[in-house]
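*Asks:* If you read the protein sequences in the order shown, they are chains A and B. Counting from 1, one number per residue, gives the positions in the first sequence under UniProt numbering. Counting from 1, one number per residue, gives the positions in the second sequence under UniProt numbering.
Think of the hints as simulated: they come from the structure by calculation, not from any bench. The reader is advised that the hints may include incorrect statements.
Each pair may be met inside one copy or between any two copies, as identical chains are not told apart.
Derived SDA-like pairs (lysine to any residue); straight-line CA-CA distance at most 20 Å [what the hints assert, rightly or not]: (1) Lys304 to Asp294; (2) Lys304 to Arg252; (3) Lys386 to Glu281; (4) Lys304 to Glu378.
Protein chains: 2
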Amino acid sequence: MRLAIDRQRFVDRMQEQAEIGGLDGERGLDRLTLSDADREARDWFRDRMRDAGLDVRVDEMGNMFGRRAGADPEAGTVLLGSHLDSQPRGGIYDGPLGVLAALEFVETLEDEGITTERPVEIVNWTNEEGSRFQPAMMSSGVWAGTLSLAEAYETTDRDGIRFVDELERIGYRGDVPAEPQYDYDSYLELHIEQGPRLEEAGDDVGVVTGIVGFQWGEITFEGQANHSGTTPMDHRRDALVGAADVITQVRRIPGTLGERTVGTTGVIEAEPGSINIVPGEVRFTVGFRDPDDDTVVEAVDRVKREAAAAAEREGLEWSYEQRMAVESVDFAERCIDAVQSAADDRGYASQRLVSGAGHDATHVASVCDAAMVFSVSEGGKSHSPKEYTSWDDCYAAADTLANAALDLAGVAAER
Amino acid sequence: MRLAIDRQRFVDRMQEQAEIGGLDGERGLDRLTLSDADREARDWFRDRMRDAGLDVRVDEMGNMFGRRAGADPEAGTVLLGSHLDSQPRGGIYDGPLGVLAALEFVETLEDEGITTERPVEIVNWTNEEGSRFQPAMMSSGVWAGTLSLAEAYETTDRDGIRFVDELERIGYRGDVPAEPQYDYDSYLELHIEQGPRLEEAGDDVGVVTGIVGFQWGEITFEGQANHSGTTPMDHRRDALVGAADVITQVRRIPGTLGERTVGTTGVIEAEPGSINIVPGEVRFTVGFRDPDDDTVVEAVDRVKREAAAAAEREGLEWSYEQRMAVESVDFAERCIDAVQSAADDRGYASQRLVSGAGHDATHVASVCDAAMVFSVSEGGKSHSPKEYTSWDDCYAAADTLANAALDLAGVAAER
Numbered sequence: 001m002r003l004a005i006d007r008q009r010f011v012d013r014m015q016e017q018a019e020i021g022g023l024d025g026e027r028g029l030d031r032l033t034l035s036d037a038d039r040e041a042r043d044w045f046r047d048r049m050r051d052a053g054l055d056v057r058v059d060e061m062g063n064m065f066g067r068r069a070g071a072d073p074e075a076g077t078v079l080l081g082s083h084l085d086s087q088p089r090g091g092i093y094d095g096p097l098g099v100l101a102a103l104e105f106v107e108t109l110e111d112e113g114i115t116t117e118r119p120v121e122i123v124n125w126t127n128e129e130g131s132r133f134q135p136a137m138m139s140s141g142v143w144a145g146t147l148s149l150a151e152a153y154e155t156t157d158r159d160g161i162r163f164v165d166e167l168e169r170i171g172y173r174g175d176v177p178a179e180p181q182y183d184y185d186s187y188l189e190l191h192i193e194q195g196p197r198l199e200e201a202g203d204d205v206g207v208v209t210g211i212v213g214f215q216w217g218e219i220t221f222e223g224q225a226n227h228s229g230t231t232p233m234d235h236r237r238d239a240l241v242g243a244a245d246v247i248t249q250v251r252r253i254p255g256t257l258g259e260r261t262v263g264t265t266g267v268i269e270a271e272p273g274s275i276n277i278v279p280g281e282v283r284f285t286v287g288f289r290d291p292d293d294d295t296v297v298e299a300v301d302r303v304k305r306e307a308a309a310a311a312e313r314e315g316l317e318w319s320y321e322q323r324m325a326v327e328s329v330d331f332a333e334r335c336i337d338a339v340q341s342a343a344d345d346r347g348y349a350s351q352r353l354v355s356g357a358g359h360d361a362t363h364v365a366s367v368c369d370a371a372m373v374f375s376v377s378e379g380g381k382s383h384s385p386k387e388y389t390s391w392d393d394c395y396a397a398a399d400t401l402a403n404a405a406l407d408l409a410g411v412a413a414e415r
Numbered sequence: 001m002r003l004a005i006d007r008q009r010f011v012d013r014m015q016e017q018a019e020i021g022g023l024d025g026e027r028g029l030d031r032l033t034l035s036d037a038d039r040e041a042r043d044w045f046r047d048r049m050r051d052a053g054l055d056v057r058v059d060e061m062g063n064m065f066g067r068r069a070g071a072d073p074e075a076g077t078v079l080l081g082s083h084l085d086s087q088p089r090g091g092i093y094d095g096p097l098g099v100l101a102a103l104e105f106v107e108t109l110e111d112e113g114i115t116t117e118r119p120v121e122i123v124n125w126t127n128e129e130g131s132r133f134q135p136a137m138m139s140s141g142v143w144a145g146t147l148s149l150a151e152a153y154e155t156t157d158r159d160g161i162r163f164v165d166e167l168e169r170i171g172y173r174g175d176v177p178a179e180p181q182y183d184y185d186s187y188l189e190l191h192i193e194q195g196p197r198l199e200e201a202g203d204d205v206g207v208v209t210g211i212v213g214f215q216w217g218e219i220t221f222e223g224q225a226n227h228s229g230t231t232p233m234d235h236r237r238d239a240l241v242g243a244a245d246v247i248t249q250v251r252r253i254p255g256t257l258g259e260r261t262v263g264t265t266g267v268i269e270a271e272p273g274s275i276n277i278v279p280g281e282v283r284f285t286v287g288f289r290d291p292d293d294d295t296v297v298e299a300v301d302r303v304k305r306e307a308a309a310a311a312e313r314e315g316l317e318w319s320y321e322q323r324m325a326v327e328s329v330d331f332a333e334r335c336i337d338a339v340q341s342a343a344d345d346r347g348y349a350s351q352r353l354v355s356g357a358g359h360d361a362t363h364v365a366s367v368c369d370a371a372m373v374f375s376v377s378e379g380g381k382s383h384s385p386k387e388y389t390s391w392d393d394c395y396a397a398a399d400t401l402a403n404a405a406l407d408l409a410g411v412a413a414e415r
């Protein structure tokens with residue numbers, strides 16, 4: 001059977017959530033994980049899950065689950081979801097689209113009086129973004145057993161505030177252990193593509209076959225802070241010049257490695273940060289991603305060699321500290337097929353693609369079979385108030401998700 | 001006659017002031033202008049001036065003057081001084097050495113019962129460093145009529161706090177107009193070299209013949225903030241890559257222009273500053289200095305062309321905003337000669353050199369004849385807790401200053 005979700009309700013819900021932590025005068029979100037805005041979005045989502053008749057539970061990491069029983073209580077659960085947190089100046093679709101599409105699925109089951117064979121759960125994962133507390137995808141990682149609960153709790157933000165204290169403060173440190181409470185059959189996650197490929201091909205939805213691997217690290221250069229007017233050029237050990245050399249190479253390395261390789265420096269801090277002083281210490285991040293894990297390792301090796309060469313040129317000390325490394329993921333064929341069949345059946349033009357971004361599905365795929373649905377991201381923009389997906393494209397992706405999920409959950413009875 | 005300053009008193013005073021705003025466990029200062037530490041240093045200096053029998057006045061910019069009458073009340077005044085404020089992590093010599101050497105001069109006159117022909121004044125100029133409020137050398141600039149009092153008052157620090165409000169808060173907004181209250185004959189300023197030339201030549205003191213010109217500006221690149229994993233390299237407009245290109249050229253341009261040219265990027269800020277986002281906007285400073293003003297202009301022209309080229313490569317918008325431009329200064333021969341004669345007479349090995357740093361003397365030289373004395377800076381280090389000048393070298397420079405000042409002020413009577 002085909003499931004017809006309620007487009008108007010779904011769009012209304014997307015607009016409601018976009019008001020919580022919304023940017024002034026811009027269509028975007030400032031809803032950092034465990035902020036007051038995150039609490040407000042969570043309260044709103046909890047109420048919506050209860051209204052939909054779901055059995056709500058919150059685990060020790062603040063992950064929020066809403067469970068709907070199936071005809072076969074012994075059957076593995078089908079899990080759907082994403083995250084409600086945002087970057088400091090993020091868009092309104094990234095994350096929330098997948099959470100509210102999951103909600104729309106169970107509400108439609110309720111409307112239609114459908115009992116699925118398998119239990120169905122929807123989830124809002126805590127701290128997917130990793131913007132305030134590193135690493136990203138923290139709480140799906142703890143849930144899947146990849147990250148340690150104790151370490152996650154002790155993580156601090158830039159102001160030295162601990163994750164666990166903020167979780168407690170906003171009232172979302174739950175009692176349920178942060179680990180699978182049931183046997184899970186499969187996981188589907190809808191997310192915006194955050195890249196240009198669907199739009200450029202004119203496709204409606206993306207059938208995601210896996211996720212690239214990546215490695216994030218921080219390079220520190222130490223030179224000599226000194227007066228910018230009185231220190232001759234041949235006496236300088238300028239840490240920022242070393243950083244500039246490496247950042248130029250971070251731009252170049254991907255083009256020497258692979259078609260899908262990307263490399264980025266997103267954060268840079270130069271000390272002491274005075275117009276009149278040669279920078280004595282500079283720290284900056286480097287990150288590389290590729291579907292092939294060996295290529296990521298090679299990119300990191302190359303950037304380290306570039307750092308060593310830059311340090312030699314400028315007389316600096318240098319170090320590289322790995323912040324996070326995640327291997328690439330290949331999704332399960334049966335879940336990919338469920339998404340592909342749903343898209344084909346609903347008449348959506350689609351392409352298969354590998355996600356360039358990490359998602360909670362990265363971790364969940366180690367617990368059960370998984371796949372993802374991508375919606376179009378206009379101009380490939382995300383993590384920005386310019387992020388945009390038309391309601392038509394949101395609907396197409398949510399419709400695909402719902403029908404793929406119904407396929408996996410099976411229909412036991414309908415009204 | 002030769003004047004013999006009190007070495008022990010002078011060293012004690014240097015150590016006393018170094019306790020005010022001193023860094024924890026390091027031999028350095030955090031005494032930003034108009035901070036509580038600056039107030040404390042000012043109170044201490046005011047008391048020392050009163051103890052020395054000086055007539056103390058504070059002007060509208062917080063500049064502190066201590067005046068000692070001469071035999072000829074109509075004669076032009078000889079002014080000596082420097083500044084007590086520091087960089088956020090500065091050394092203990094930069095600035096204070098020149099202020100306390102001036103104090104030591106008048107105390108020695110008092111000890112010796114010397115009446116000079118000319119009146120003598122010592123001064124502590126407000127906000128020489130320009131680290132908290134730009135521009136640097138702000139209050140000697142207002143005093144000399146180069147900068148506007150109204151604009152200086154409205155200047156804000158990074159927290160948006162106005163200069164005038166902080167001046168008021170620490171109790172150093174004086175009533176005396178910030179302009180010359182007397183006819184000034186000459187100005188001498190002792191300062192650490194902040195460069196390696198004296199030490200490398202094995203000289204004791206520097207006879208400063210002028211000050212390089214410089215221009216400070218800020219370059220802004222605007223690109224497109226976007227997800228670092230999903231945005232292919234050929235779709236990026238990375239503002240930080242543009243900045244890295246230019247910073248590399250800031251390092252290179254001086255070597256193509258002149259032996260004394262220097263170029264520096266001291267401050268860089270990348271937005272939004274997330275490990276996971278391609279930087280959409282980057283602002284960074286560029287500064288060039290040279291004894292020849294045309295060379296500074298050429299350096300700035302070149303860096304603008306580099307910015308345009310980097311913007312073209314990366315698809316960025318760019319702008320250059322001039323923050324400060326100061327022309328080079330040639331000091332007066334008679335003042336240079338007074339310093340040279342004092343150094344020679346006391347048996348100090350010296351060299352003539354052009355200051356690579358701006359000093360309050362830059363502005364004062366537009367009011368009266370001026371020159372400077374440099375002390376050795378070990379390793380050329382300054383604006384850092386590693387800044388160091390031995391007490392022998394401090395003494396040699398203060399001794400030279402005192403005897404040059406006595407030469408300019410003339411002896412009318414002694415006990």
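*Asks:* Does each hint hold? Answer for all of them.
*Replies:* Here is what the structure says about each hint:
1. Lys304 to Asp294: Result: close within a single copy only, 15 Å intra versus 40 Å inter.
2. Lys304 to Arg252: within (14 Å within a copy, 23 Å between copies)
3. Lys386 to Glu281: between (34 Å within a copy, 14 Å between copies)
4. Lys304 to Glu378: neither (35 Å within a copy, 34 Å between copies)
In this structure, only the earlier hint numbered 4 is contradicted, and the remaining ones agree with it.
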